[in-house]
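Novice: These are the residues of each chain, in order.
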Amino acid sequence: MTVIVTGASRGLGAAITQRLLKREVDVFGIARNIDGVPCDAASCDVSSYDSIKRVAKELKQSKREITGLINAAGIASMNLALTTTKSSTQKILQTNLAGTIYCCQHFAPLMIRKREGAIINFSTIAVAIGLKGESIYAASKAGVEGFSRSFAREVADFGLRVNCIAPGPIDTDLLNGVSAGQIKRIVAQQVIAVQHTKDDVCDLVELLLDPRSNSLSGQVFNVGGV
Amino acid sequence: MEYTEALKVVRSKVEELAAKPNLGEETQLIGDGSVMDSMKLVELCLALEDHASEVGFEFDWTSESAMSRARSMFRTIGTLAAEFAEQSQQ
Chain A
1 MTVIVTGASR
11 GLGAAITQRL
21 LKREVDVFGI
31 ARNIDGVPCD
41 AASCDVSSYD
51 SIKRVAKELK
61 QSKREITGLI
71 NAAGIASMNL
81 ALTTTKSSTQ
91 KILQTNLAGT
101 IYCCQHFAPL
111 MIRKREGAII
121 NFSTIAVAIG
131 LKGESIYAAS
141 KAGVEGFSRS
151 FAREVADFGL
161 RVNCIAPGPI
171 DTDLLNGVSA
181 GQIKRIVAQQ
191 VIAVQHTKDD
201 VCDLVELLLD
211 PRSNSLSGQV
221 FNVGGV
Chain B
227 MEYTEALKVV
237 RSKVEELAAK
247 PNLGEETQLI
257 GDGSVMDSMK
267 LVELCLALED
277 HASEVGFEFD
287 WTSESAMSRA
297 RSMFRTIGTL
307 AAEFAEQSQQ
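So the sequence lines, in the order shown, correspond to chains A and B.
Residue numbers in the first sequence follow this note's numbering, run continuously in steps of one, and reach 226 at the last position.
Residue numbers in the second sequence follow this note's numbering, run continuously in steps of one, and reach 316 at the last position.
Think of the hints as simulated: they come from the structure by calculation, not from any bench.
These numbers were taken from a predicted model, which means no experiment stands behind them.
Just to be clear, a hint being listed does not mean it is correct.
[To be verified] No farther apart than 27 Å at their CA atoms in a straight line, the calculated lysine-lysine pairs in the DSS-like style are these:
id, chain 1, residue 1, chain 2, residue 2
1, A, Lys57, A, Lys91
2, B, Lys246, A, Lys114
3, B, Lys234, A, Lys114
4, A, Lys63, A, Lys53
5, A, Lys60, B, Lys266
6, A, Lys132, A, Lys53
7, B, Lys246, A, Lys57
[Said to hold, decoys possible] If you want the ones that stay clear, here's a sample from chain B, every Cβ over 10 Å from chain A, calculated:
id, residue
8, Glu242
9, Leu249
10, Gly257
11, Met265
12, Val268
13, Ser298
14, Gly304
[Said to hold, decoys possible] Sample of chain A residues facing chain B (criterion: CB under 8 Å; computed from the structure):
id, residue
15, Arg32
16, Gly36
17, Ile112
18, Glu116
Even for Gly, the Cβ is constructed at its ideal location relative to N, Cα and C.
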């Protein structure tokens, strides 16, 4: 039983990979650069439909039994929409939104055959609070939330669950360029006003992969609460 | 794979999934008159994909060329069988 983790080389994806390996879960990582990824992995850019399709085909041929998909690959560019370039705008939308959709399109059929599986997509607190300076990033993640809610209904009859985790500011590369003051102001808007950690997110991932969360689908879980 | 063989395969899978016997080439797979819902259509695609693997070719039901034709390959059992046969010969 294998769980696919995208963005497995860095940030939350790497932390989730490490956590699952620690729990003796078989993990298949996907990242643009798989150097140092501590499990079987494929070098692949999630924003490329054909690349994801190729990996899905290889996984099917390998007869690996896929039971989970964690779409942790993502990029950010902290900037005002008015000062974000066309290429940055397209790259953020293509990686965060289209990349998540492509992975769901191609990896879900691997789970549908078994009539079980959990998909976890990643959103952000920026969606819920309408964070200034992250409008493009928030738009891409709002798309992920909308997609996840609808997709959860589309695959529910096949025994698949789809949920979103929306973290607040977690200490990863995505926070580069965000000042301590900004982080403090964002955290203050959470219900639990403390800066949460990668470990907190990994705990939630484990919970949502666990069969004991079989009643949960189509939900967005805001780490820290909003 | 020739069309007649593809038709036999597709018809058999549809009859099994729709739990309806004696379906014909003109049986609709999408739209109001369809014998199956969208979920069953996905199951049909996966079943055909698996069958194709068993006999040595890849059935790609998500390809741009298959999906973007002016008229969907999922219209009827016959149109799907024609696409299945065509992909087996590529």
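Novice: All the hints need checking, so say for each whether the structure fits it.
Specialist: Each hint tested on the structure:
no.	hint	verdict
1	A:Lys57 / A:Lys91	25 Å, holds
2	B:Lys246 / A:Lys114	24 Å, holds
3	B:Lys234 / A:Lys114	26 Å, holds
4	A:Lys63 / A:Lys53	16 Å, holds
5	A:Lys60 / B:Lys266	21 Å, holds
6	A:Lys132 / A:Lys53	35 Å, violated
7	B:Lys246 / A:Lys57	32 Å, violated
8	Glu242	16 Å, holds
9	Leu249	22 Å, holds
10	Gly257	19 Å, holds
11	Met265	5 Å, violated
12	Val268	7 Å, violated
13	Ser298	18 Å, holds
14	Gly304	25 Å, holds
15	Arg32	23 Å, violated
16	Gly36	32 Å, violated
17	Ile112	6 Å, holds
18	Glu116	15 Å, violated
In this structure, the hints that do not hold are numbers 6, 7, 11, 12, 15, 16, 18, in rising order.
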